[in-house]
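Participant: In terms of the working numbering, the sequence shown has 128 at position 121, counting the first letter as 1, and numbering is strictly consecutive.
It should be emphasised that the hints constitute simulated quantities derived from the structure, not laboratory data.
Each hint should be verified, as a subset may be incorrect.
Estimated spans, in silico, between C-beta atoms of each pair [unchecked claim]:
(1) E283 to P145: 44 to 54 Å
(2) R304 to E127: 22 to 32 Å
(3) R304 to P156: 18 to 28 Å
(4) T103 to A228: 55 to 65 Å
(5) A257 to K143: 37 to 47 Å
(6) P128 to E288: 30 to 40 Å
(7) P145 to L89: 31 to 41 Å
(8) A229 to P272: 45 to 55 Å
(9) G273 to D44: 20 to 30 Å
(10) A298 to Q69: 41 to 51 Å
Glycine included, every Cβ here is placed at the ideal spot set by N, Cα and C.
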Amino acid sequence: MIELTLLCPADQVDAVSDVLMDALDALAVTVEDADADTPDEAPIFGEPGMPATLSASISGWQRSVVKALFNDEDAATDACTLLLAQDGDDGASAFTDLHVQGLYPVADQDWVRLTQSQFEPVLITSAFWIVPSWHKPPEGATRVMRLDPGLAFGTGTHPTTRMCLRWIARHADLANPWPRVLDYGCGSGILAIGAGLHGAVDIDAVDIDYAAVESSRANAAANGVTLRRVGLPDLAEGQYPVVLANILAAPLKLLAPLLSGHVAPGGSLVMAGLLERQIEELQAAYAPWLALEVADREDGWVLLTARRP
Numbered sequence: 008m009i010e011l012t013l014l015c016p017a018d019q020v021d022a023v024s025d026v027l028m029d030a031l032d033a034l035a036v037t038v039e040d041a042d043a044d045t046p047d048e049a050p051i052f053g054e055p056g057m058p059a060t061l062s063a064s065i066s067g068w069q070r071s072v073v074k075a076l077f078n079d080e081d082a083a084t085d086a087c088t089l090l091l092a093q094d095g096d097d098g099a100s101a102f103t104d105l106h107v108q109g110l111y112p113v114a115d116q117d118w119v120r121l122t123q124s125q126f127e128p129v130l131i132t133s134a135f136w137i138v139p140s141w142h143k144p145p146e147g148a149t150r151v152m153r154l155d156p157g158l159a160f161g162t163g164t165h166p167t168t169r170m171c172l173r174w175i176a177r178h179a180d181l182a183n184p185w186p187r188v189l190d191y192g193c194g195s196g197i198l199a200i201g202a203g204l205h206g207a208v209d210i211d212a213v214d215i216d217y218a219a220v221e222s223s224r225a226n227a228a229a230n231g232v233t234l235r236r237v238g239l240p241d242l243a244e245g246q247y248p249v250v251l252a253n254i255l256a257a258p259l260k261l262l263a264p265l266l267s268g269h270v271a272p273g274g275s276l277v278m279a280g281l282l283e284r285q286i287e288e289l290q291a292a293y294a295p296w297l298a299l300e301v302a303d304r305e306d307g308w309v310l311l312t313a314r315r316p
């Protein structure tokens with residue numbers, strides 16, 4: 008394969024990408040920061056600890072590298088020629104500030120092996136690990152969840168997921184297992200499976216995404232965990248000693264009365280997907296029902312929990 012590499016201003020990234028994909032049959036198009044790993048690097052997404060410095064309306068960096076993949080050099084050369092010949096509304100070139108950096112061969116790779124190499128076993132506690140199917144469990148791992156990357160969110164690599172699983176591992180009592188657990192917004196089913204591996208029974212896992220529902224069902228079966236119900240959110244019913252919700256701040260705020268209502272007397276609500284700056288607004292949203300407290304922190308993310316009297 009051949010990669011066509013272009014230097015493109017931010018205001019033309021969308022148009023150039025659309026032409027490459029829709030009109031010129033590029034196999035794939037990626038956009039990168041031309042100034043990455045330099046003092047001029049500029050974040051545009053506002054990750055924790057790295058605030059955004061560009062407008063959210065900008066589709067790329069001020070100097071973006073657009074890379075388009077083609078089957079062979081002839082296809083890449085033709086696409087480059089046609090792209091530069093695109094006319095704008097005034098008859099002039101549509102992409103006046105677009106610069107070609109070159110055509111580069113892409114070496115053949117074992118993409119399966121490369122992808123697998125990016126996912127190592129994930130430490131939750133000294134005894135509890137998440138291990139992809141192609142890895143052996145680490146020494147000392149007495150409780151292992153087998154989980155491979157898939158369509159649904161949740162492989163244990165994100166701090167929010169790890170914090171929820173740490174809470175489960177630290178609060179589960181195998182001698183007195185939780186009789187009911189609700190995983191609301193289950194994604195890959197990772198939290199429901201984590202609860203099941205720590206003795207919980209009658210576990211319900213719900214999500215608005217059908218892919219997540221199927222992923223949860225398959226991952227639970229692969230780990231020998233029985234889920235009582237797996238499906239859309241309306242399957243959740245009654246009250247649960249443990250309610251787990253790893254989503255995002257906005258939906259968690261809207262779900263405050265519903266999630267609070269699912270927590271049984273003496274039960275716990277465990278929530279993640281929240282940044283430190285969102286603590287107070289979530290506490291205020293749940294105050295009529297439950298008193299949320301910070302139970303864990305990692306890389307700018309927080310775990311909030313509450314216990315119903």
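Participant: Has the hinted range 41 to 51 Å been met by the Cβ atoms of A298 and Q69?
Facilitator: holds (45 Å)
Participant: Using the beta carbons of E283 and P145, state whether their distance is inside 44 to 54 Å or not.
Facilitator: violated (31 Å)
Participant: Is the hinted range of 55 to 65 Å satisfied by the C-beta distance from T103 to A228?
Facilitator: holds (56 Å)
Participant: If you check the beta carbons of R304 and P156, does the distance land in 18 to 28 Å?
Facilitator: For R304 and P156 the Cβ distance comes to about 26 Å; the hint holds.
Participant: Does the Cβ pair R304, E127 satisfy 22 to 32 Å?
Facilitator: With Cβ atoms ~23 Å apart, the hint holds.
Participant: Regarding P145 and L89, is the given constraint of 31 to 41 Å on their beta-carbon distance met?
Facilitator: violated (53 Å)
Participant: Please test the hint of 20 to 30 Å on the beta carbon pair from G273 and D44.
Facilitator: At 52 Å between Cβs, range violated.
Participant: Is the distance from the Cβ of A229 to the Cβ of P272 consistent with 45 to 55 Å?
Facilitator: Since the Cβ atoms of A229 and P272 sit about 34 Å apart, the hinted range of 45 to 55 Å is violated.
Participant: Does the beta carbon distance between P128 and E288 stay inside 30 to 40 Å, or does it fall outside?
Facilitator: Between P128 and E288, where Cβ atoms are some 36 Å apart, the hint holds.
Participant: If I claimed the Cβ atoms of A257 and K143 lie 37 to 47 Å apart, would that claim hold in this structure?
Facilitator: holds (40 Å)
Consistency with the previously given hints fails for numbers 1, 7, 8 and 9, ordered from lowest to highest.
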